[in-house]
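Letter by letter, the chains look like this.
Protein chains: 2
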Amino acid sequence: MATTVGVIGGGQLARMMIPPAVELGVTIKVLEETPGMSAELAATGVGDYRDLETVVAFAKTVDVITFDHEHVPQHVLRALVDAGVPVHPGPDALLYAQDKLLMRQKITELGLPSPDWAAIENADELGAFLDAHGGRAVVKTARGGYDGKGVRIVDDRNGADDWFTALAEDGRGGALIVEELVDFVRELAQQVARRPSGQIVAYPVVETVQKGGICAEVIAPAPNAGSAIAQAARDIAVRVAEGVGVTGMLAVELFETRDGRVLVNELAMRPHNSGHWTIDGAVTSQFEQHLRAVLDLPLGETRPREAWTVMINILGGPAGASLQSRYAEAFAAHPAAKLHGYGKESRPGRKVGHVTVAGSELDSVLADARAAAALFD
Amino acid sequence: MATTVGVIGGGQLARMMIPPAVELGVTIKVLEETPGMSAELAATGVGDYRDLETVVAFAKTVDVITFDHEHVPQHVLRALVDAGVPVHPGPDALLYAQDKLLMRQKITELGLPSPDWAAIENADELGAFLDAHGGRAVVKTARGGYDGKGVRIVDDRNGADDWFTALAEDGRGGALIVEELVDFVRELAQQVARRPSGQIVAYPVVETVQKGGICAEVIAPAPNAGSAIAQAARDIAVRVAEGVGVTGMLAVELFETRDGRVLVNELAMRPHNSGHWTIDGAVTSQFEQHLRAVLDLPLGETRPREAWTVMINILGGPAGASLQSRYAEAFAAHPAAKLHGYGKESRPGRKVGHVTVAGSELDSVLADARAAAALFD
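Protein chains in written order, with our numbering: chain A, 67 to 443; chain B, 67 to 443.
Source of the hints: derived by calculation from the structure; they are not laboratory data.
Each residue gets a CB set at the ideal place from its N, CA and C atoms; glycine is no exception.
Please note that the accuracy of each hint is not assured.
[As the list claims (entries may be wrong)] Cβ pair distances, simulated, as ranges:
(1) B:276 with A:436: 54 to 60 Å
(2) A:399 with B:147: 42 to 48 Å
(3) B:290 with A:265: 48 to 54 Å
(4) A:126 with B:114: 49 to 55 Å
(5) A:241 with B:373: 53 to 59 Å
(6) B:111 with A:241: 24 to 30 Å
(7) B:292 with A:265: 41 to 47 Å
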């Protein structure tokens with residue numbers, strides 16, 4: 067079997083692949099963007115993931131390529147594939163995580179439920195969509211958005227003019243996406259892993275709470291998710307994984323509507339914030355699962371180890387201080403809390419770590435996790 | 067707080083400290099004996115742990131020193147302490163893990179239960195002990211033994227003559243230890259962690275099965291260990307930890323006798339094979355706990371995540387093949403098994419990895435773990 071996994075990108079997702087790589091006894095090498103990033107310990111190269119030469123040179127040192135993020139350009143990915151490098155997920159799949167317009171088209175083509183949506187190229191088209199949807203809608207750029215960037219709520223036909231202008235100036239043209247503002251009860255996320263040879267396993271659907279477009283809190287499994295909701299979420303993720311040929315981890319972010327439907331919101335083809343709970347809470351963490359999948363090894367059990375697991379992001383971290391400056395206080399008060407630090411400097415709104423607590427009673431697990439995470443504000 | 071832990075020794079115990087160091091966001095640096103050892107990923111130095119200059123130079127790059135093994139000589143340890151380096155466990159404690167004769171004296175002095183034992187300096191003394199204990203006994207060298215080395219069952223007064231000769235030739239003289247052959251029901255192990263500032267936490271007592279003097283299988287918690295046995299094991303370990311001033315993890319290997327007593331067999335002042343189950347099975351693994359303890363951080367919860375956890379060592383590994391050559395088969399048949407590979411070459415009897423399975427029914431957990439581990443023979 068292939069035993070050296072190369073990860074493009076040195077962020078916390080690459081970092082969190084290091085522990086399971088050490089445990090499995092497989093070698094992990096990271097191409098980080100700049101020296102001293104989150105995944106520094108496993109970094110064997112520094113360079114720009116958009117530069118073909120840099121990426122090809124890195125790929126020669128590993129057996130399979132995977133990713134910390136979805137930003138590696140298609141021409142670089144395709145050159146790797148043409149050179150015979152196993153790339154997971156491959157460019158044909160990653161396309162749908164890189165371009166939200168293509169994603170919406172594909173989801174619709176697969177017969178899966180989306181919010182009402184349209185590709186729009188000007189203010190008139192936006193205006194028409196607004197008129198048909200109560201005067202408010204979500205506008206997204208097709209590319210370059212994440213953690214709430216490139217997403218905007220609009221109630222004016224001219225509310226996306228700056229983006230239209232930027233698209234026109236870009237020369238490549240293209241469209242924005244407009245989507246109905248879903249009146250959702252809550253947000254869910256469904257993760258599955260898929261091997262190149264086709265095996266798929268699904269994690270329990272989880273509830274996610276977003277703050278300012280960034281994942282803040284995850285409850286696993288999603289409370290009060292009846293079998294119909296859980297089954298619908300799972301079916302959607304499996305059909306997406308198979309429909310676009312995802313290899314590795316896939317996260318499907320979903321809206322649960324008041325009338326009990328689930329609609330596809332976003333896709334991520336890598337370990338995802340909504341799955342960090344699995345590190346401490348599931349038999350096989352999403353990071354180990356991703357490594358297994360990209361190495362085309364049989365996938366691990368996804369069962370939660372305890373009844374409830376809650377994960378809370380540390381956003382920003384303590385002002386002017388390190389995460390570590392709070393360890394003594396936090397560990398003393400919360401011995402069951404699992405603290406994960408990403409080795410990143412604190413900065414307002416930045417994901418610098420997370421806290422996980424698992425146990426048998428949701429109320430106490432949630433209270434413990436929230437109180438522990440609050441010590442890192 | 068101190069945030070860089072230096073580990074002397076590059077074996078699998080150092081390796082297994084890497085994942086929790088990454089998770090906690092603390093830096094780990096390893097001084098390995100030769101290049102390419104098990105903990106290679108975190109190695110920042112290569113050298114002989116018996117060489118003062120090498121160790122002092124390494125210590126200058128870290129905030130606190132701890133160990134993969136107990137073999138660093140006392141004069142090196144004391145020089146570090148004299149130089150102001152925090153060393154955990156410190157030389158005064160480590161002495162009792164390095165010298166079994168001092169350990170037996172100390173355990174007896176603390177009023178804790180040992181098998182009958184004596185320090186012996188010649189065949190006459192051995193003969194007298196054998197006569198008083200049914201003609202058979204265990205002889206041990208005070209120093210240098212581990213995994214069954216330096217331990218011998220003897221039924222002849224001349225059965226340790228070679229060791230007496232070696233001690234005499236060594237010039238430093240000294241004694242061997244002879245111990246009664248305990249007619250035990252089973253072996254247990256009790257782990258505790260202790261911080262420099264005194265906090266102690268205890269793990270559940272576990273049952274260990276030895277094969278050829280090497281730990282082969284661990285069941286956590288020990289089945290049918292009534293509260294009296296569990297309490298006795300815990301009390302002994304706490305009293306040892308306090309009595310010798312251990313910092314970090316302490317494992318006390320115990321015999322459970324037919325009449326329901328527990329006797330101290332061996333001590334280890336570091337993460338221990340009997341605690342590998344905690345990586346997948348406890349809220350806080352022994353490796354994270356060891357890091358917390360040596361950094362003098364509040365200790366984590368020791369509660370098992372599931373009712374039963376079984377750990378089985380992979381001894382030797384597949385003849386002429388890598389562990390990885392069996393992953394596909396093992397993972398397909400045992401999706402709940404957690405495989406830990408140590409990055410070491412297979413060699414008969416060598417610990418090259420372990421398998422852990424956790425769940426609610428001991429019989430099925432045990433069967434799953436054994437069957438998974440058997441695929442790596």
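Status of each hint after checking the structure:
Taking 54 to 60 Å as the suggested C-beta distance range, the pair residue 276 of chain B and residue 436 of chain A does not conform, at roughly 45 Å. The hinted range of 42 to 48 Å is not satisfied by residue 399 of chain A and residue 147 of chain B, whose Cβ atoms lie roughly 32 Å apart. For the pair residue 290 of chain B and residue 265 of chain A, the supplied restraint of 48 to 54 Å is violated, since their beta-carbon distance comes to about 39 Å. In this structure the supplied range 49 to 55 Å is violated for residue 126 of chain A paired with residue 114 of chain B, their Cβ-Cβ distance being about 35 Å.
At roughly 55 Å, the beta carbons of residue 241 of chain A and residue 373 of chain B sit within the given window of 53 to 59 Å. Judged by the Cβ atoms, the range 24 to 30 Å given for residue 111 of chain B and residue 241 of chain A is violated: they are separated by roughly 56 Å. A C-beta distance of roughly 44 Å is found between residue 292 of chain B and residue 265 of chain A, which places it inside the suggested range of 41 to 47 Å.
Violated hints, listed in ascending order, are 1, 2, 3, 4, 6; each of the other numbered hints is respected by the structure.
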